[in-house]
Amino acid sequence: MPWDRNQMAERAAQELEDGMYVNLGIGIPTLVANYVGAKDITLQSENGMLGMGPFPFEGEEDPDLINAGKQTITELKRTAYFDSAQSFGMIRGGKIAVAILGAMEVSEVGDLANWMIPGKLVKGMGGAMDLVAGVGRVIVVMDHTNKHGASKLLKECTLPLTGKGVVDLIITNLGVLEVGHKGLHILEAAPDVSRDEIRAATEAAIV
Amino acid sequence: MKKIFANATEALDGLLRDDMLIAAGGFGLCGIPELLLQAIQDSGVKDLTFASNNAGVDNFGIGILLETRQVRKMMSSYVGENDEFMRQYLSGELEIEFNPQGTLAERMRAGGCGIPGFYTRTGVGTQVAEGKEHKDFDGETYILERGIFADLSIVKAWKADETGNAIFRKTARNFNPPAAMCGKVCVMEVEEIVPTGSLDPDHIHLPGIYVHRLIQGEHEKRIEQRTVQKKETA
Chain A
0 MPWDRNQMAE RAAQELEDGM YVNLGIGIPT LVANYVGAKD ITLQSENGML GMGPFPFEGE
60 EDPDLINAGK QTITELKRTA YFDSAQSFGM IRGGKIAVAI LGAMEVSEVG DLANWMIPGK
120 LVKGMGGAMD LVAGVGRVIV VMDHTNKHGA SKLLKECTLP LTGKGVVDLI ITNLGVLEVG
180 HKGLHILEAA PDVSRDEIRA ATEAAIV
Chain B
751 MKKIFANATE ALDGLLRDDM LIAAGGFGLC GIPELLLQAI QDSGVKDLTF ASNNAGVDNF
811 GIGILLETRQ VRKMMSSYVG ENDEFMRQYL SGELEIEFNP QGTLAERMRA GGCGIPGFYT
871 RTGVGTQVAE GKEHKDFDGE TYILERGIFA DLSIVKAWKA DETGNAIFRK TARNFNPPAA
931 MCGKVCVMEV EEIVPTGSLD PDHIHLPGIY VHRLIQGEHE KRIEQRTVQK KETA
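These protein sequence lines are chains A and B, in that order.
All the letters of the first sequence, read from the start, carry residue numbers 0 to 206 under my numbering.
All the letters of the second sequence, read from the start, carry residue numbers 751 to 984 under my numbering.
Everything labelled a hint here was simulated from the structure, so no lab data went into it.
This structure is a prediction, so every number in the text was calculated from the model and none was measured.
Be a bit skeptical, because a hint or two may be false.
Said to hold, decoys possible - Calculated lysine to any residue pairs in the SDA-like style (CA-CA distance at most 25 Å, straight line): (1) B:Lys885 x A:Arg136; (2) B:Lys882 x B:Glu847; (3) A:Lys122 x B:Leu844; (4) A:Lys181 x B:Asp888; (5) B:Lys823 x B:Leu894; (6) B:Lys981 x A:Leu75; (7) B:Lys980 x A:Ile25; (8) B:Lys971 x A:Gly50; (9) A:Lys154 x B:Gln877; (10) B:Lys981 x A:Asp63; (11) A:Lys163 x B:Asp888; (12) A:Lys163 x A:Gly101; (13) B:Lys980 x A:Thr78; (14) A:Lys163 x A:Tyr20; (15) B:Lys885 x B:Tyr869; (16) A:Lys119 x A:Lys163; (17) A:Lys163 x B:Glu880; (18) B:Lys980 x A:Gln6; (19) B:Lys909 x B:Glu760; (20) B:Lys752 x B:His962; (21) A:Lys119 x B:Gly881; (22) A:Lys181 x B:Gly875; (23) A:Lys76 x A:Pro53.
As the list claims (entries may be wrong) - If we take Cβ atoms under 7 Å as the criterion, some of the chain B residues that face chain A in the derived model are: (24) Val829; (25) Gly830; (26) Pro850; (27) Arg919; (28) Pro927; (29) Gln975; (30) Thr977.
All C-beta atoms in this analysis are idealised placements derived from N, C-alpha and C, irrespective of residue type, glycine included.
Same shape as in the complex, but just chain A (with noise of 0.2 Å):
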């Protein structure tokens, strides 16, 4: 059976390690947080802070204290914040050890795009493109297919990029996919998903 968002983002989990510093996305990667466990990771967010803590219970909720969604959110004893400038300096700078976000396509080579579609409504690229250019490792989380049943993971992407080149894994619905040299390596199938059934689901080489 293929993973729910749930088991993506506990599958993107394991790819945390102690003391890492960790940038997530909105939507599925948001949940990565759900399933850390006992490992040590700090939370950045983009906005200017490292030790993202969890929502506030009503009432406690801070205008001053929010993530780069604008939910609002609380600190932990760890919490650091800083300034914008600062904050993707440690970004660029290639501080942050893992960002997980999501994708609209990723290609063979391991090029994102995630940030608009020509012809719809572009509300911009946020702190995307500065993150997967600067971060040690992108994780892409993202169902394997789009809604026409299409594969999201292309020989080419069609849609404009948020980087070149710049994808290190892919956790989708169906399995766990590295980008190679050559291609993508099927890492891992979800259950009772095949390797064969993973192939026929992608459009970019698998090798």
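Here the structure of chain A is known, so what remains is to put chain B in place on it, guided by the hints.
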């Protein structure tokens, strides 16, 4: 060297003109200079360009200046939350220059530090890189981004002393320090002006050298995405 003004309108007196470039602090609605934005609306100045991460929402933040058509161009990273913005953007009334968020922050910081340009990997191979100088360093390709030198900076801090030494609170710091640095003149609004000498010099986030005019006022501090969890019922 008196920096303190009675209100936002007086603090902006003589600084506003049509066609100017204003750098504004804030992320979403968090830490935005809401009093100064209101005073800019009241002034009627127009054809403004804003370097600001976001464009506010309808009727708050930079959104109030869109309603009155005072903004010609936005330099931002993300603008999703504003219907009037989207209407003007789609109809071509409003120009937008999308900047990766970290590039925008660094462009402000660089401008404030007298650095006219810098190379970054961010955006290489994307639309952002089109028309920009590419240069390889140690086998890696970078693009040239320009520092922003704004005519005016408007920012919001939590507390400042009478000389403008400022402290921000939690994630409301965000773009405020780099925005403050990159303007020829910086006007800051704070929740509280405290006597000079009462802030610990080791705890200043932004030294007063960057702050030319200062006001204290009441802030609404609107929340854009109120998200909470339920308390466990024992």
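Going down the list of hints, with the structure as the test:
For the hint linking Lys885 (chain B) to Arg136 (chain A), the alpha-carbon distance of about 24 Å falls within 25 Å, and the restraint holds. Our distance criterion of 25 Å between C-alpha atoms is met by Lys882 (chain B) and Glu847 (chain B), whose separation comes to about 14 Å. A C-alpha spacing of about 14 Å is found between Lys122 (chain A) and Leu844 (chain B), which places the hinted pair at or below 25 Å, so the restraint holds. A C-alpha spacing of about 24 Å is found between Lys181 (chain A) and Asp888 (chain B), which places the hinted pair at or below 25 Å, so the restraint holds.
A C-alpha spacing of about 22 Å is found between Lys823 (chain B) and Leu894 (chain B), which places the hinted pair at or below 25 Å, so the restraint holds. For the hint linking Lys981 (chain B) to Leu75 (chain A), the alpha-carbon distance of about 18 Å falls within 25 Å, and the restraint holds. A distance of roughly 21 Å separates the Cα atoms of Lys980 (chain B) and Ile25 (chain A); the hinted pair therefore holds under the 25 Å criterion. As the CA atoms of Lys971 (chain B) and Gly50 (chain A) are separated by approximately 23 Å, the hinted pair is consistent with the 25 Å bound.
Of the supplied pair hints, the one linking Lys154 (chain A) and Gln877 (chain B) holds, its CA atoms being roughly 20 Å apart against a limit of 25 Å. Annotation: proposed proximity of Lys981 (chain B) to Asp63 (chain A) holds, straight-line Cα distance about 21 Å (limit 25 Å). Proximity of Lys163 (chain A) to Asp888 (chain B) is assessed by CA-CA distance (about 18 Å); at most 25 Å being required, the pair is judged to hold. Restraint check for Lys163 (chain A) and Gly101 (chain A): satisfied, since their Cα atoms lie roughly 16 Å apart, inside the 25 Å limit.
Annotation: proposed proximity of Lys980 (chain B) to Thr78 (chain A) holds, straight-line Cα distance about 23 Å (limit 25 Å). The straight-line distance between the Cα atoms of Lys163 (chain A) and Tyr20 (chain A) is roughly 23 Å, inside the 25 Å bound, and the hint therefore holds. Between Lys885 (chain B) and Tyr869 (chain B) the alpha-carbon distance is near 8 Å, which keeps this suggested pair within the 25 Å criterion. Of the pairs offered as hints, the one joining Lys119 (chain A) and Lys163 (chain A) holds, with about 22 Å between alpha carbons and a cut-off of 25 Å not exceeded.
Between Lys163 (chain A) and Glu880 (chain B) the alpha-carbon distance is near 14 Å, which keeps this suggested pair within the 25 Å criterion. Of the supplied pair hints, the one linking Lys980 (chain B) and Gln6 (chain A) holds, its CA atoms being roughly 23 Å apart against a limit of 25 Å. For a cut-off of 25 Å, the pair hint linking Lys909 (chain B) to Glu760 (chain B) stands: about 20 Å separates their Cα positions. This hinted pair checks out: Lys752 (chain B) and His962 (chain B) have alpha carbons roughly 9 Å apart, not beyond 25 Å.
The straight-line distance between the Cα atoms of Lys119 (chain A) and Gly881 (chain B) is roughly 23 Å, inside the 25 Å bound, and the hint therefore holds. Using a Cα cut-off of 25 Å, the hinted pair Lys181 (chain A) and Gly875 (chain B) holds, with the two alpha carbons roughly 19 Å apart. The hinted pair formed by Lys76 (chain A) and Pro53 (chain A) meets the criterion: a straight-line CA distance of about 12 Å does not exceed 25 Å. Because the closest C-beta pair between Val829 (chain B) and chain A is about 5 Å apart, less than 7 Å, the hint holds.
Checking Gly830 (chain B) against chain A: minimum C-beta separation of about 4 Å stays under 7 Å; hint holds. Annotation: Pro850 (chain B) was flagged as interfacial toward chain A, and the flag holds, the nearest CB pair being 4 Å apart, inside 7 Å. Using the Cβ-Cβ criterion of 7 Å, the hint placing Arg919 (chain B) at the interface with chain A is satisfied: the shortest such distance is roughly 5 Å. A distance limit of 7 Å between C-beta atoms decides the matter here; for Pro927 (chain B) the minimum to chain A is near 4 Å, and the interface restraint holds.
Because the closest C-beta pair between Gln975 (chain B) and chain A is about 4 Å apart, less than 7 Å, the hint holds. The beta carbon of Thr977 (chain B) is positioned within 7 Å of a beta carbon in chain A (closest approach about 4 Å), and the interface hint is therefore held.
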